[in-house]
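Participant: Can you make the complete structure from the sequences, with help from the hints?
This is what each chain is made of:
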Amino acid sequence: MTAYIMCFILFLVGLYGVITRRNLVKIAVSLSIMEISTFLFFALIGYIDGGVAPIVDPADPVKIYVDPLPQALVLTAIVIGLATTAMLMAVIIRLYRKYGTFDIREIKKLRG
Amino acid sequence: MNPLIPLLVVIPLAAAFLIMIVGRFIEEFNKYFALLVLLLLTFISFYFLCTTGGKITVYKVGGWEPINSIPIGIYMVLDGFSVILVCIINLIGLLSAFYSISYIRRYTAGNYFYALFFLLIGGMNGVVLSGDLFNIFVFLEISVISSYALVAFGVESNELEASFKYQVLGGIASFLILFGIGFIYWKAKTLNIADIKSAFGSSSDKTTYLFIQILILSGFGLKAAIIPFHAWLPDAHSSAPSPISAMLSGVFIKAVGIYVIVRLFFNMFIISEPMAILITILGTLSMVIGVFLAIGQWDIKRLLAYHSISQMGYVVMSVGIGMILLSRGVKADIASLAICGGLFHLINHAAFKGLLFLNAGAIEYTLGTRNLKGMGGLAKSMPFTSATSFIASMSISGIPPFNGFFSKLIIIIAAVMAKFYLLAILAVIVSIITLASFLKFQRYAFYNKADDTKDQNIKEVPFPMVFSMVILSVICVLLSLLVFPEIRHAILTPAIDILTDPAKYSRSILVQ
Amino acid sequence: MDLAISIIAGFMIFGALYAIHARDLLSSVIACGLVGYSLVICFLLLKAPDLAIVQIVVDTITLIIMVAVVLDSSREESYLKLDTQGYVAAVTGIMLIVILLYFYAISIKSLDVLGTSSLRMAKHYIEGAAQKTGSANLVTGVVFDFRGYDTMGEAVVLVTAVLGVLTILRIKGKKQE
Amino acid sequence: MRRLLRFARNDKGNNEALIKKRNQPTLKFRLAKRETTNDMKGMTIIVKKTTQLIAGMIFIYGVYVIVHGHLTPGGGFAGGVVIAGSLILITLANGGDFLKLIKEESGTTIVESLATILVITIAVSGFLFGTKIFFNNFLPKGIVGHLISAGVLPLYNIFVGTEVAASIFIIFLSLVIFKEESKE
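Note that the protein sequences, when read in sequence, are chains A, B, C and D.
Following our numbering, the numbering of the first sequence begins with 1 at its first residue and continues without gaps.
Following our numbering, the numbering of the second sequence begins with 1001 at its first residue and continues without gaps.
Following our numbering, the numbering of the third sequence begins with 2001 at its first residue and continues without gaps.
Following our numbering, the numbering of the fourth sequence begins with 3001 at its first residue and continues without gaps.
Misleading hints may appear alongside valid ones.
As the list claims (entries may be wrong) - What follows is a list of derived Cβ distance ranges for each label pair: (1) G1296(B) x R105(A): 18 to 26 Å; (2) K2174(C) x S1069(B): 54 to 62 Å; (3) R1105(B) x I3054(D): 47 to 55 Å; (4) I3046(D) x Y2037(C): 23 to 31 Å.
Think of the hints as simulated: they come from the structure by calculation, not from any bench.
Only a predicted model underlies this, so the values are computations on that prediction, with no experimental measurement involved.
Ideal Cβ placement from N, Cα and C applies to all residues, glycine included.
Facilitator: Dropping the structure here:
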């Protein structure tokens, strides 16, 4: 069970970063750390001891396979994560061109 | 297996891509095509409203039949509760699209606007019609990502900043939800909502359930902007173009926030008293704090956005009262009354908050400002906007002939009958403060003397905008008909039955 | 397996902490990329080669996009003293983390231990699934056949992101009056 | 990473002052200075030629992953992402103006919209032909382990692969174009 706890600690590190950091890029980095920990969590759920990767070999069919469903979910979630990161980076680059800084406090100050 | 159900999701998604391809070559294609498609969708959804009634229809995507009564494919579920949401989404969507015909002329890239608009609608339809937990997440992401882009549609600095804030909080919410889904899969080994209910039913492990419920509640609570999670809403809803604000505030926070919370906590989890009390407290807090935050605002759209938080608080509170009573197993009739009030108010809120945001858009379109202090005397020059916004303001603050009064009345009666006197008193006080706040809005915007410095050629907004506002105000008046038992029985009772009888949903899905 | 994954996850936590606290934004971004690459190793250990292929490329692309944004700037995180709001955020953050972690550690005790997962929905994705879908790769079978509707949604999410990025990066938002 | 840095620096054009300012931060690379005297956009000819070779191989690997998606690890998403990676590699090596970038990058959007619409069309054709069920695998399944088997899954793989590659490449391009445009 240590692996599950480490995985959740990673999630919390990301959450801590989002709450405390005041830099746009750092916030994006923290979000992507949360994302990574979630993927790890799903992969851990599906693992079965002694299982093999879920690819059927017609010649030798009797085996234990790991659970393919969480893997399919992560496959979907990875691409969704890429989409959200791209959106976030687009807004960040736009904000940087407007204000010339990544610091969220200065942006607030400039906006007044 | 009604073959029309997937069409509600596929048509808007396909329309978005068609607009991107064909709209490149044909000018003005996007507007008329959008109207046509939304008209079709509204027609389909009202057809469902008339035919669904009390039965639950399941559509098995891919034709995968359950094995040993364990579903293996994705289910789409249409029942009395989701059909109400489908109608709201498509109807408000149609009116907003009609309104945007003239409103969006000031912006560049109309094709992108309509494509994202359709993705927003398709995503929300997908969320509401889905019976599978991960599928809800995927469609939620479609609608949420398109709303990120639509909030920043004007690419001014405040819009970008609002979008950034929204994206960060929305990102946290998404990962909390995803983690919660992982937990549920770990515990139940299945993703179908009805099947999760039956898998959960056998074991009793309080701590794990509580943790899962808190993850899910905070995730979807962030999407629904219940009070400790509300920080993104005023910025995002006030920066978006007005038709989009109407969509976001009138429909979006309900479809991806309140709907999913209610659906999961009534039909998937075992109703537990601590969670019910927590939900009621959160609802009450949003109701009270939202309205106090709204008083001090001078920006119209921010004021309306804070009122959204407060009005959603009414819905969450009354649903929470129903949950408490159900979890205690007493007074089932009062529980169904409370839930009825909540759903009624949810429908009403979609109508009048959509209308108010459209009014705000009309004022901004004419004057170019959103500050209440810079307005005045608009009642003469903009009669339609003034009249419709008067109806909406009276509706939201609960003045008798309009719809808001009846739903608030039902909520307060339910709270009194369930012996939550404090909540009833708070609801009345909040309603009075709402009235004061909207009287201020009316007075400063429409009835005060206009500044002499302003040029006097203020005209009424173009026809499409007027038309949408008038239709919505008619709907506002008509919705008060729902208070009559016959009509209420036809529309609201199927939804209430599904929520008050928790086992019914899972039972009737698993046998199909 | 538990031990191996824990060690890699520990490394990932260090990487994440460095990424959050580094002064130079470029190092921060690269540390985040390293965390992603460690995830690839975890996927390989957990017998998920499909995920490993996708993650390694997606991580590289994310890294390229992030570096492209960071290199365009002054790269230094401007060092301002924590104001009151910052302290409040930090304290609430740490309290929240401790509570959540404690709660989590209690609540996972009753669940399946790593490696002993039982199957309910996924049982039929494995038994005879190759004949049902005709695909030897079970993950592809699940992604495109049993849960093909999800995959359509996912393809649409990616397109939505493209439209969103193109929308946000327009030079002019409003027409000149 | 090093290539990327040089690309980003070169991207700035030949403005000496800018480059000096660029060089101030902590990380320094020796190659960067030599390149500023080079008139060509992008990286050195060696890098370009090598990249062309490698990118072709990566591209073919991506196609392989897509086509064998139902037999070996990988599939539409993995292969599409690999193809996008090869395209991005070429763009990075050759510099921004290699593609004659203009504001409306119309071509790729159409490809990607069309690919998605084709995925939806196949889904709906399952709806029409295959006993009225959305997302039905209505083609004959074939023998497990053969290249042409698994009904519509290879088709899904191909279209999703195209769509993913186009989408990711377009996201990258739009960021690059934006940097070019907003410089003035």
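Participant: Evaluate the given range 23 to 31 Å for the C-beta pair formed by I3046(D) and Y2037(C).
Facilitator: holds (27 Å)
Participant: When you take the CB atoms of R1105(B) and I3054(D), is the distance between them in 47 to 55 Å?
Facilitator: For R1105(B) and I3054(D) the Cβ distance comes to about 49 Å; the hint holds.
Participant: Can the suggested window of 18 to 26 Å be confirmed for the beta-carbon pair G1296(B) and R105(A)?
Facilitator: holds (23 Å)
Participant: Quick one: are K2174(C) and S1069(B) within 54 to 62 Å, going by C-beta?
Facilitator: Holds, at about 57 Å.
The structure shown violates none of the earlier numbered hints.
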